[in-house]
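Chain order of the listed sequences is Z and V.
Per the numbering used here, the first sequence starts with residue 11, numbered consecutively.
Per the numbering used here, the second sequence starts with residue 11, numbered consecutively.
Derived from the structure by calculation, the hints contain no laboratory data.
Accuracy of the hints is not assured; some may be wrong.
When chains are identical, the list treats them as one kind, so a pair holds in a single copy or across two.
To be verified - The calculated lysine to aspartate or glutamate pairs, modelled on EDC-like cross-linking and capped at a C-alpha distance of 20 Å, are:
hint: 1; residue 1: Lys-23; residue 2: Asp-91
hint: 2; residue 1: Lys-109; residue 2: Asp-172
hint: 3; residue 1: Lys-231; residue 2: Glu-146
hint: 4; residue 1: Lys-164; residue 2: Glu-61
hint: 5; residue 1: Lys-164; residue 2: Glu-211
hint: 6; residue 1: Lys-109; residue 2: Asp-178
hint: 7; residue 1: Lys-164; residue 2: Glu-236
hint: 8; residue 1: Lys-23; residue 2: Asp-253
The lines below spell out each chain.
There are 2 protein chains.
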Amino acid sequence: MNLDWHGIDHITKVDPAKDLPEDMGIIEQTDLIIVGGSDGVTSENTLAVIEQIRAQSSEIPVFQEPYRDRHVSFETIEAVDFIAIPAVYNGDREHFVEKHVDLFTGVASKPTELLGSDVPLLGDLIASKGRDLVVEMTEKIIGEGYVIQNPDSKAAGVSGVDTLYTPDQVAGAALATEAFYGFPLFYIEYSGTYGGPEDVEAAAEYLNDTVLLYGGGIRSKQQTEEILAAGADAVVVGDCFHDNADQYRETIPS
Amino acid sequence: MNLDWHGIDHITKVDPAKDLPEDMGIIEQTDLIIVGGSDGVTSENTLAVIEQIRAQSSEIPVFQEPYRDRHVSFETIEAVDFIAIPAVYNGDREHFVEKHVDLFTGVASKPTELLGSDVPLLGDLIASKGRDLVVEMTEKIIGEGYVIQNPDSKAAGVSGVDTLYTPDQVAGAALATEAFYGFPLFYIEYSGTYGGPEDVEAAAEYLNDTVLLYGGGIRSKQQTEEILAAGADAVVVGDCFHDNADQYRETIPS
Chain Z
11 MNLDWHGIDH
21 ITKVDPAKDL
31 PEDMGIIEQT
41 DLIIVGGSDG
51 VTSENTLAVI
61 EQIRAQSSEI
71 PVFQEPYRDR
81 HVSFETIEAV
91 DFIAIPAVYN
101 GDREHFVEKH
111 VDLFTGVASK
121 PTELLGSDVP
131 LLGDLIASKG
141 RDLVVEMTEK
151 IIGEGYVIQN
161 PDSKAAGVSG
171 VDTLYTPDQV
181 AGAALATEAF
191 YGFPLFYIEY
201 SGTYGGPEDV
211 EAAAEYLNDT
221 VLLYGGGIRS
231 KQQTEEILAA
241 GADAVVVGDC
251 FHDNADQYRE
261 TIPS
Chain V
11 MNLDWHGIDH
21 ITKVDPAKDL
31 PEDMGIIEQT
41 DLIIVGGSDG
51 VTSENTLAVI
61 EQIRAQSSEI
71 PVFQEPYRDR
81 HVSFETIEAV
91 DFIAIPAVYN
101 GDREHFVEKH
111 VDLFTGVASK
121 PTELLGSDVP
131 LLGDLIASKG
141 RDLVVEMTEK
151 IIGEGYVIQN
161 PDSKAAGVSG
171 VDTLYTPDQV
181 AGAALATEAF
191 YGFPLFYIEY
201 SGTYGGPEDV
211 EAAAEYLNDT
221 VLLYGGGIRS
231 KQQTEEILAA
241 GADAVVVGDC
251 FHDNADQYRE
261 TIPS
């Protein structure tokens, strides 16, 4: 991942299917934006949100985190800094290896079809660029090692999570990310509930090159700072960005 | 992986549970040795074989490819250049993600127990070195992205392989290795049968930083050279090393 992580400690997750806040200026207080969601998301509404973010701030890095292949298009790839693909350690086989091989099989063998382009000119362009285009596309794709720790969350259901990890297992998954899989990001996801610093501390012990993210239930500066002090590189804040701009501002660290 | 791959195009897989050839001098014609097997393998017979190889040649790189955690000991880690752990793309969940998290959870949280050491002094040493030892150990561990293409092989049975990959899927798994998982090795395993160059050609198209290995049914120089011409960095020769020294010599490329 060719991104200078320095100074990134607050991330906002924006769901393209939800209403944006009246004052989009609040995003200037966050350090990076991840665009993605499950229900009602399309490549078109994803692109529209990315363009609104870019119009507000041309500086802030933007990632797309697609839940489905069809959320990605040639245009969304062009528009973002990185496409971040979750690999869910405590999920089912589909969400660790199967969907990744399917994705890269698609990218390698039929990029036009994968990207849903039926525009003849674009199809020809993709066909003519062939292998070079594949390499260019894959340079934007990065893996996120995920551990999902809220069994009642939508994310857990979608990913087939039926086991929560102990802090020792979180440390093991973190070390596997750092030393074996080499994903640039490791993400502890409590999705809607505040999980506290324990898992973050366990993971941080073994992460050196890998960026450590925590998401879930952050509603105050005190929680943000507790998670950062435990060793996370950044917190991810989602729901309140859409629902409650005042509370969102409260999550920004000093 | 800190290994200069230049000049490595013939690899010998040595099973510690099988008889070694009368003339161990034949290993001087191969470029790298992988020690591993399933039935009857222990960390003790693994170490004994590594020591015999080292006694014959101090130059040749030696990898251990363990099938079980208990095949690895503090001594085998010290004795080899790398511990190569298969991640089987078309295997079951245990053989892609589960055993890796278990391994690294063990390494992170209880290295003494993992390494089966009940020698008090060694246990104390491990406990006192703590995190530094964990980091040192993990630097020797590398991932091998595996595709197993012989459904009747022992390897397929052990790894839960029930689907063979098309050449497009082999290309997809290769690209996923190169661009997403970042394992330094990608291994196409036909285990006992000669699979020909088609899968190797498909994978080679998308591998740049990743070393491409082919194993299975190599019994002649013509087969070795066909696989190398298709884009493999090296062939892996196993059975005839133990069974038939003359045939083994025939597999060495010019």
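Hint-by-hint comparison with the structure:
no.	hint	verdict
1	Lys-23 to Asp-91	within (15 Å within a copy, 43 Å between copies)
2	Lys-109 to Asp-172	both (18 Å within a copy, 17 Å between copies)
3	Lys-231 to Glu-146	neither (39 Å within a copy, 37 Å between copies)
4	Lys-164 to Glu-61	neither (27 Å within a copy, 53 Å between copies)
5	Lys-164 to Glu-211	neither (25 Å within a copy, 41 Å between copies)
6	Lys-109 to Asp-178	between (27 Å within a copy, 15 Å between copies)
7	Lys-164 to Glu-236	neither (25 Å within a copy, 50 Å between copies)
8	Lys-23 to Asp-253	within (13 Å within a copy, 60 Å between copies)
Hint check: violations occur at hints 3, 4, 5, 7; the rest are consistent with the structure.
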